[in-house]
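What follows is each chain in one-letter form.
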Amino acid sequence: MSASTRESKLVFQTLNVRREAAVLFVEISAPPMNLEGPELVGDLVSLIQQSEVDDTVQVLVFKSADPDYFISHVDVTRIKENRDAAARLNGDPSIGQLYRHLSASRLVSIAQIEGRVRGVGSEFILACDMRFAARESAIFGQFEPSFGVIPGAGGAQHLTRLMGRGRALEVMLSAQDYDADLAAAYGWINRALPAAELNDFVRSLALRIAGFPAMGHAVVKERVNAIALPTVEDIRRDSDLFLEGARTDEFQELTQAAMKGGFQTRNGEMDLARLVGEINEHRTE
Amino acid sequence: MSASTRESKLVFQTLNVRREAAVLFVEISAPPMNLEGPELVGDLVSLIQQSEVDDTVQVLVFKSADPDYFISHVDVTRIKENRDAAARLNGDPSIGQLYRHLSASRLVSIAQIEGRVRGVGSEFILACDMRFAARESAIFGQFEPSFGVIPGAGGAQHLTRLMGRGRALEVMLSAQDYDADLAAAYGWINRALPAAELNDFVRSLALRIAGFPAMGHAVVKERVNAIALPTVEDIRRDSDLFLEGARTDEFQELTQAAMKGGFQTRNGEMDLARLVGEINEHRTE
Amino acid sequence: MSASTRESKLVFQTLNVRREAAVLFVEISAPPMNLEGPELVGDLVSLIQQSEVDDTVQVLVFKSADPDYFISHVDVTRIKENRDAAARLNGDPSIGQLYRHLSASRLVSIAQIEGRVRGVGSEFILACDMRFAARESAIFGQFEPSFGVIPGAGGAQHLTRLMGRGRALEVMLSAQDYDADLAAAYGWINRALPAAELNDFVRSLALRIAGFPAMGHAVVKERVNAIALPTVEDIRRDSDLFLEGARTDEFQELTQAAMKGGFQTRNGEMDLARLVGEINEHRTE
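Residue numbers (my numbering), protein chains in the order written: chain E, 1 to 285; chain C, 1 to 285; chain B, 1 to 285.
Chain E with its partners taken away, still in its complex shape (with noise of 0.2 Å):
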């Protein structure tokens, strides 16, 4: 297969693919704020079987092309058609086992990260093998049980082995926003850098790493993730207790109330901490 066959192939709804040598730089573009929709999911499922299958696909780069919004969260009103749309892949109907499929994939997955990053998009770049993001811009929350529920898609399991059991708890029972560099210091990610230098730094770094052996690569992968990805079960575990949690009154109740508040639009979710915070406040009263 030649190369300009493989590049016509790599034509999505969701996401601007540009190569350059062993690497491919993914941008994410779901107007209007990046939602993680069907769109998106299919899209990522398609992503990963055709770059697997491709030899001289090494490297995945995943920026935004949406400064404020990196991926906001799981659409909230598309959770069954995020499903169907996952079990694409390999027939688990889970957001958290495409995820996993990409941590224990081949290929090295890297996340530049500015602007907003929550829920679902954190158990996005949580599950990518590098995570580098914008001192100036990036936010990250992983705001899931302020609505009562576990994150779904492996949030819990990868918080708690990077952070350690105080900081995850912290992270997710707040539900609070965290700057890059609390981030860092947490070890959400692997560091926070300046906004100007954080393009060439991940470019640099991609096309270095697609460099070197793809057989380093892989043993690299395999026993790093022997030690720390999450098991198959702990994910699907999680998995189902957000389905279970989901489909609470009191999960159906505060979705509404947020909606009412400006989730899932794009000026009600800058500030989507505080707005968790009110519409708990609205109900406790």
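It should be emphasised that the hints constitute simulated quantities derived from the structure, not laboratory data.
All values reported here derive from a predicted model rather than from experimental measurement.
For every residue, glycine included, the Cβ atom is placed at its ideal position computed from N, Cα and C.
Just to be clear, a hint being listed does not mean it is correct.
[As the list claims (entries may be wrong)] Simulated restraints, written as ranges between beta carbons of each label pair: (1) ALA104(C) with ASP179(E): 30 to 38 Å; (2) SER29(E) with GLU222(B): 52 to 60 Å; (3) PHE201(C) with ASP240(B): 47 to 55 Å; (4) ASP240(C) with GLU250(E): 38 to 46 Å.
Put chains C and B on the given structure of chain E with help from the hints.
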């Protein structure tokens, strides 16, 4: 049971409890230096028992009435009494199991630390779900190995999981004092904050968490604990090893030498790291 | 056995040993660049064997006689001889098992790092119980994946446990050099200190620990290792995978290209991160 009835039961020898919304603010007050003796252990047992059955309580915040000592450490003259007091919770005569019960509880626990917190005090904050400390005044020590014994209530378990093998070995084998910034860098605590901001920060965080759905607290704690909480067996083994060590002549001799040097006195423990160094210098001459 | 008899046995080809109280200060001196060959491996075996049976020794401090190189890495031309030398300890022909033996020993080991420490050198300091480095001069690298292989002596095991999945993958897959501040932020080392303070800091710490009861060292190490020390099987598997990779044509070709570029020379390895990038650029053109 009415709120006022509940309030009236929360009267303790060594704890001052104030309630706000679904948060209990618990001030440890066991003059002259917040040594952990059977009164404090017994009060912690009662507090936990009463709070767990009261579903209007979601969060416990622990702070100290003494600006110099949060919990100094166990009263070494009353280890047997402490164990009897701890056994009231579930029959296991072990401070470590009492602490682990708190970690595993649906209640969210937050330590707000000013002053010295060493030995079994450090193990208490490690069992809490989150730890925030005053940059100017908090001092941390897990100094048991300077008496030839392992921390008896889970300290080695938590420190190793939070900060990794190298730093956990350093902290325990050196028996040094650590300030809040270094404790944060090592992962011993979540964050060091300016003393002037600490109380407001923790109060806001506690009230925020308490306002979120209880079902979220429970499921997040369950899944995080499944990864990062030491097992009952691990806690028991450390407790047994501590008791074994505490029965040796070497431990007894060091304890007596320490008592002569000011151990278990306010003044003598202001610089405990120096004190434990001196009694061992004497020993090896 | 008298102290003088013991002293007289501590004569090595590549180590200068000085004793103070219960501490052995061990200076690595294998000119021209502290490559790890069979002489150094054999000396480490002898040092560990002799120290373990001498109950007047409690702590080993490792430093380097060469300000630019602590341990540069394995001498790739002598891997078979190194394995034979390591096998003298307990029959297992593996540097990783030699290192693991040190980690599991009752002896407390401290690495005092100035200059470059890469590859099997990084794995050595990771096997030590604690690691302190000079902020101005220490440089860390775990660059084996740039030759297509996994670190063969436990590096992947320790790095993953110390710094988590994302940073461990970055460190190994990037094959970059890391300075002491970044190494400390990532948890590779305990702390970075000003070079002018490093020696006094480590000497004081070593003497302090050596003055505490030996039974405390042993029980703390046993319990921490039960949580955080890689198993014998994990070390063996990495070693096997390294040897498998090192037999490939790709590894051999890269090694030969590196040799032409200055690999295993003092000058050539001052900027090894650049060198391994260049040989791979050449390869993929």
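Status of each hint after checking the structure:
Evaluation of the 30 to 38 Å hint for ALA104(C) and ASP179(E) yields a pass: the beta carbon distance comes to about 32 Å. As the Cβ distance of SER29(E) to GLU222(B) is approximately 54 Å, the hint placing it in 52 to 60 Å holds. Distance hint check: the CB atoms of PHE201(C) and ASP240(B) are about 51 Å apart, consistent with the given range 47 to 55 Å. At about 43 Å, the CB distance of ASP240(C) to GLU250(E) agrees with the hint of 38 to 46 Å.
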